[in-house]
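J.: Below, each chain spelled out in residue letters.
Protein chains: 2
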Amino acid sequence: MAVRRVAIDTWRENVAYLHRDCAVYRAEGFQALSKIEVRANGRRILATVNVVDDLGIVACDELGLSEDAFALLGVEAGYKVAVAQAEPPESMGALFRKIAGERLQREDLRAIVRDIAEHRYSKIELTAFVVACNRDELDREEVFFLSDAMVATGQRLDWHEGLVVDKHCIGGIPGNRTSMLVVPIVAAHGLLCPKTSSRAITSPAGTADTMEVLANVELPLQDLQRIVRDHRGCLAWGGTAQLSPADDVLISVERPLSIDSPGQMVASILSKKIAAGSTHLVLDIPIGPTAKVRSMPEAQRLRRLFEYVARRLGLSLDVVITDGRQPIGNGIGPVLEARDVMRVLENDPRAPNDLRQKSLRLAGRLIECDPDVRGGDGYAIARDILDSGRALSRMQAIIAAQGGKAFDHNHPRLGALHFEVCAPADGVVAGIDNQQIARIARLAGAPKVQGAGVDLLCKLGDAVVSGQPLYRVHADFPADLEFARQSSAHGSGYRVGTADEVPRVFVEF
Amino acid sequence: MAVRRVAIDTWRENVAYLHRDCAVYRAEGFQALSKIEVRANGRRILATVNVVDDLGIVACDELGLSEDAFALLGVEAGYKVAVAQAEPPESMGALFRKIAGERLQREDLRAIVRDIAEHRYSKIELTAFVVACNRDELDREEVFFLSDAMVATGQRLDWHEGLVVDKHCIGGIPGNRTSMLVVPIVAAHGLLCPKTSSRAITSPAGTADTMEVLANVELPLQDLQRIVRDHRGCLAWGGTAQLSPADDVLISVERPLSIDSPGQMVASILSKKIAAGSTHLVLDIPIGPTAKVRSMPEAQRLRRLFEYVARRLGLSLDVVITDGRQPIGNGIGPVLEARDVMRVLENDPRAPNDLRQKSLRLAGRLIECDPDVRGGDGYAIARDILDSGRALSRMQAIIAAQGGKAFDHNHPRLGALHFEVCAPADGVVAGIDNQQIARIARLAGAPKVQGAGVDLLCKLGDAVVSGQPLYRVHADFPADLEFARQSSAHGSGYRVGTADEVPRVFVEF
Numbered sequence: 001m002a003v004r005r006v007a008i009d010t011w012r013e014n015v016a017y018l019h020r021d022c023a024v025y026r027a028e029g030f031q032a033l034s035k036i037e038v039r040a041n042g043r044r045i046l047a048t049v050n051v052v053d054d055l056g057i058v059a060c061d062e063l064g065l066s067e068d069a070f071a072l073l074g075v076e077a078g079y080k081v082a083v084a085q086a087e088p089p090e091s092m093g094a095l096f097r098k099i100a101g102e103r104l105q106r107e108d109l110r111a112i113v114r115d116i117a118e119h120r121y122s123k124i125e126l127t128a129f130v131v132a133c134n135r136d137e138l139d140r141e142e143v144f145f146l147s148d149a150m151v152a153t154g155q156r157l158d159w160h161e162g163l164v165v166d167k168h169c170i171g172g173i174p175g176n177r178t179s180m181l182v183v184p185i186v187a188a189h190g191l192l193c194p195k196t197s198s199r200a201i202t203s204p205a206g207t208a209d210t211m212e213v214l215a216n217v218e219l220p221l222q223d224l225q226r227i228v229r230d231h232r233g234c235l236a237w238g239g240t241a242q243l244s245p246a247d248d249v250l251i252s253v254e255r256p257l258s259i260d261s262p263g264q265m266v267a268s269i270l271s272k273k274i275a276a277g278s279t280h281l282v283l284d285i286p287i288g289p290t291a292k293v294r295s296m297p298e299a300q301r302l303r304r305l306f307e308y309v310a311r312r313l314g315l316s317l318d319v320v321i322t323d324g325r326q327p328i329g330n331g332i333g334p335v336l337e338a339r340d341v342m343r344v345l346e347n348d349p350r351a352p353n354d355l356r357q358k359s360l361r362l363a364g365r366l367i368e369c370d371p372d373v374r375g376g377d378g379y380a381i382a383r384d385i386l387d388s389g390r391a392l393s394r395m396q397a398i399i400a401a402q403g404g405k406a407f408d409h410n411h412p413r414l415g416a417l418h419f420e421v422c423a424p425a426d427g428v429v430a431g432i433d434n435q436q437i438a439r440i441a442r443l444a445g446a447p448k449v450q451g452a453g454v455d456l457l458c459k460l461g462d463a464v465v466s467g468q469p470l471y472r473v474h475a476d477f478p479a480d481l482e483f484a485r486q487s488s489a490h491g492s493g494y495r496v497g498t499a500d501e502v503p504r505v506f507v508e509f
Numbered sequence: 001m002a003v004r005r006v007a008i009d010t011w012r013e014n015v016a017y018l019h020r021d022c023a024v025y026r027a028e029g030f031q032a033l034s035k036i037e038v039r040a041n042g043r044r045i046l047a048t049v050n051v052v053d054d055l056g057i058v059a060c061d062e063l064g065l066s067e068d069a070f071a072l073l074g075v076e077a078g079y080k081v082a083v084a085q086a087e088p089p090e091s092m093g094a095l096f097r098k099i100a101g102e103r104l105q106r107e108d109l110r111a112i113v114r115d116i117a118e119h120r121y122s123k124i125e126l127t128a129f130v131v132a133c134n135r136d137e138l139d140r141e142e143v144f145f146l147s148d149a150m151v152a153t154g155q156r157l158d159w160h161e162g163l164v165v166d167k168h169c170i171g172g173i174p175g176n177r178t179s180m181l182v183v184p185i186v187a188a189h190g191l192l193c194p195k196t197s198s199r200a201i202t203s204p205a206g207t208a209d210t211m212e213v214l215a216n217v218e219l220p221l222q223d224l225q226r227i228v229r230d231h232r233g234c235l236a237w238g239g240t241a242q243l244s245p246a247d248d249v250l251i252s253v254e255r256p257l258s259i260d261s262p263g264q265m266v267a268s269i270l271s272k273k274i275a276a277g278s279t280h281l282v283l284d285i286p287i288g289p290t291a292k293v294r295s296m297p298e299a300q301r302l303r304r305l306f307e308y309v310a311r312r313l314g315l316s317l318d319v320v321i322t323d324g325r326q327p328i329g330n331g332i333g334p335v336l337e338a339r340d341v342m343r344v345l346e347n348d349p350r351a352p353n354d355l356r357q358k359s360l361r362l363a364g365r366l367i368e369c370d371p372d373v374r375g376g377d378g379y380a381i382a383r384d385i386l387d388s389g390r391a392l393s394r395m396q397a398i399i400a401a402q403g404g405k406a407f408d409h410n411h412p413r414l415g416a417l418h419f420e421v422c423a424p425a426d427g428v429v430a431g432i433d434n435q436q437i438a439r440i441a442r443l444a445g446a447p448k449v450q451g452a453g454v455d456l457l458c459k460l461g462d463a464v465v466s467g468q469p470l471y472r473v474h475a476d477f478p479a480d481l482e483f484a485r486q487s488s489a490h491g492s493g494y495r496v497g498t499a500d501e502v503p504r505v506f507v508e509f
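As they're listed, the protein sequences go chains A and B.
Oh and the first sequence: position 174 is 174 in the working numbering, straight run, nothing missing.
Oh and the second sequence: position 403 is 403 in the working numbering, straight run, nothing missing.
Because the hints were derived from the structure by calculation, they are not lab data.
Given the structure is predicted, the values throughout are model-derived calculations rather than measurements.
Glycine included, C-beta positions come from ideal geometry on N, C-alpha and C.
Incorrect hints may have been included.
What the hints assert, rightly or not - Among chain A residues calculated to face chain B with C-beta under 10 Å, some are: (1) E87; (2) E125; (3) V253; (4) G389.
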């Protein structure tokens, strides 16, 4: 059959358009939503059939492909393609066993992850896998198998150095853009830190979303390798490097369900670090009443799972448990967070001190991976690099290498529509709900709308008077602003009380 | 915006096609796969956005709708419609709590079921609900809440009689078309038996699929009510009556995952019976090594769950545990099963005796719901009705009323392509794997291809000689035949051994 591009964007789902009177469609017993395999020029893709009754869209002897599918197949319009019913994914039996609550073996998880990476799973099968592995349904051996399978499926980078450092936070704390400070600091110290980060899954911004305000993050692998060689670090999106293609597919169903189970979190994080070539990792687990992890015993349990899997994978891991009672920094949303990061790098007096301090401590831990640095000296070295402006220069070099975009932290391009939420009474800020603040920022449009989000005007322990603004919400679209306003009216995310009511946590930093 | 029909069949998913340069698309911040709400003439539908880059498909000021969506909205092309971003389903919070393993309340399940019935859930959300309620994740109170919510969401029939009987089997046994015999028998006795059955979920044929060979099963509600009034029974598909619309949606994701959890099974079956107006139900739970239920303790556990929920719903329930070691009848697939049913009704010597006996016993149990019948007399009454030809006449009347189709059980229209699977050695048929036989029949094309399926030529305990055909597989399409052949080569589903190896079960009948 001759292939034809149908100019419909079906967003990451390959759709094949076949006319109802098409001979192949009838002979093969296809039906709407059948999965078919299309082969041309040595490539093969899977696509879902939509049946067409309009000869203007596809003719009887044509196979229409949606925009993504057409690009993926990579042939010219009119090229002759072969079409066949797709066989069910090989790993279906293993998936059904997991749904039934059974324990999977190494080969089972290899087969599942391979099928997922090759887009052989439908949305239904993907979701079933994610939900069946939710909570504690994976034991630690299965988590290792899953991580290992994810590494085996993707590309793996080799930096040809014995020490490749990285940091990662399990997430759940709005703001918290420490990576964008830690990378330039440790790179300026001379450590190799090729940071590949993720986009937001359920949060208002991931490091990749925020870095994208300043520079291009979707870098071809060769560029990324050159930048790291030249500058000892980078801040890129992990997706283009195809480090863990299965994980990127899984995220597409985890996101709408706000699912983030321990097993999948550990496998996702560690597999990407191994694939990125890291040898040493500092992992940040924040705890607090509205953080992902609510108590120290829970944090310790998660730490042990990370440590077990890291050891099986041969990764040197240092877990730090940090203060997750409130957002880190002031801005929440890509542009707002980029503003905070640049202010810290510029030693601007308006820079949020919590973001500065946490970043210095994390950078200090990583610097102590350097065999020439004495234990306990890391923090002072990091501070010196930041205060001297060397971190800023390194960041500017990385930004320029990644194709810098114009950005002025004195005049960030925030969403033009905005409103403020004010203190209902005199008192002290006694609680900030990470999840509610994140929800409001997302409803306002973050991260899709870069300038949207929440700008916090006071933090835990600050004294406020009735009517004083607590935070400002920015949006680009009236509908988004209205959703955010309704949500903040329902729950502002702030509790104003007495100083005694501020929750305490006892953490490393 | 003016609405336009886009002649693409997206099969039960509403798709809206918006041009990328469309003003509404840009102003509202829609993106591909956004859910939008389309309102016109008092109706509203939800649809998923596909972005179009071809003005030939939709113009900038037009909203394209896929065939189903266009039909559902029910307005003329060119009609002005209002479009807005769909709000997330109200029950999302309850869904997330279930995913997190929490117990749901009555109102939670009402909200979830309402959103599902109104097609507000994406495939991802639907699958997450199904998998999160899988296995024993619903306690018996939640199963009652779910059943009750399903009844509340759909239409409910009222027959204005005190005694309305029905029978149901939990499934898993290929063939087993007892309903098509029980209904004419008990209707001929005078009991009201308005049978609304399902299509196959994971099996090669449901009662509705098989009845469809003989008559129309998609009946408008008024026709169905008239037929039941005239003939005391019917054999219709439950879907058109909208008895449990949420269940029909759930089945669309349960089917590809082969999920059939106790809680969902009980809710699905009992809600449909209550909605269909039944007061008395005989429920068949077959047990056997390859049946859905493998052991007597498991059957008793399931029986208690059915009994608990039935009592809460006010339904009089009689559970019978039956022999599920092998298929019932010879044919597996719509046409083959219709052939067996008609042969039993016609008292044809080729009629499968196991199907006849089981149907008579089930019909006898139902007949004993009649207060004028003494306990133990039901079977003989049923046999007399069948042997006298009164069951056949009643079935013929029902078939005619439902728009009978030409069918000759002496010359059924079987798939023209076929092959036989033969005994590998002399011996006795010592095992038949229900699941493998069902799988082969499905691969051969059943139930989509009515004449496809498996025709069993011998059953448990039969002596066979090497090379003697065990069963014959029929298909219409070469690809289907090949899939079935590969599967039967991998595992025939038959075990030939000694008479001692035939598994025993001790059941009511």
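J.: List in ascending order the numbers of the hints, as given earlier, that are violated by the structure.
T.: 4
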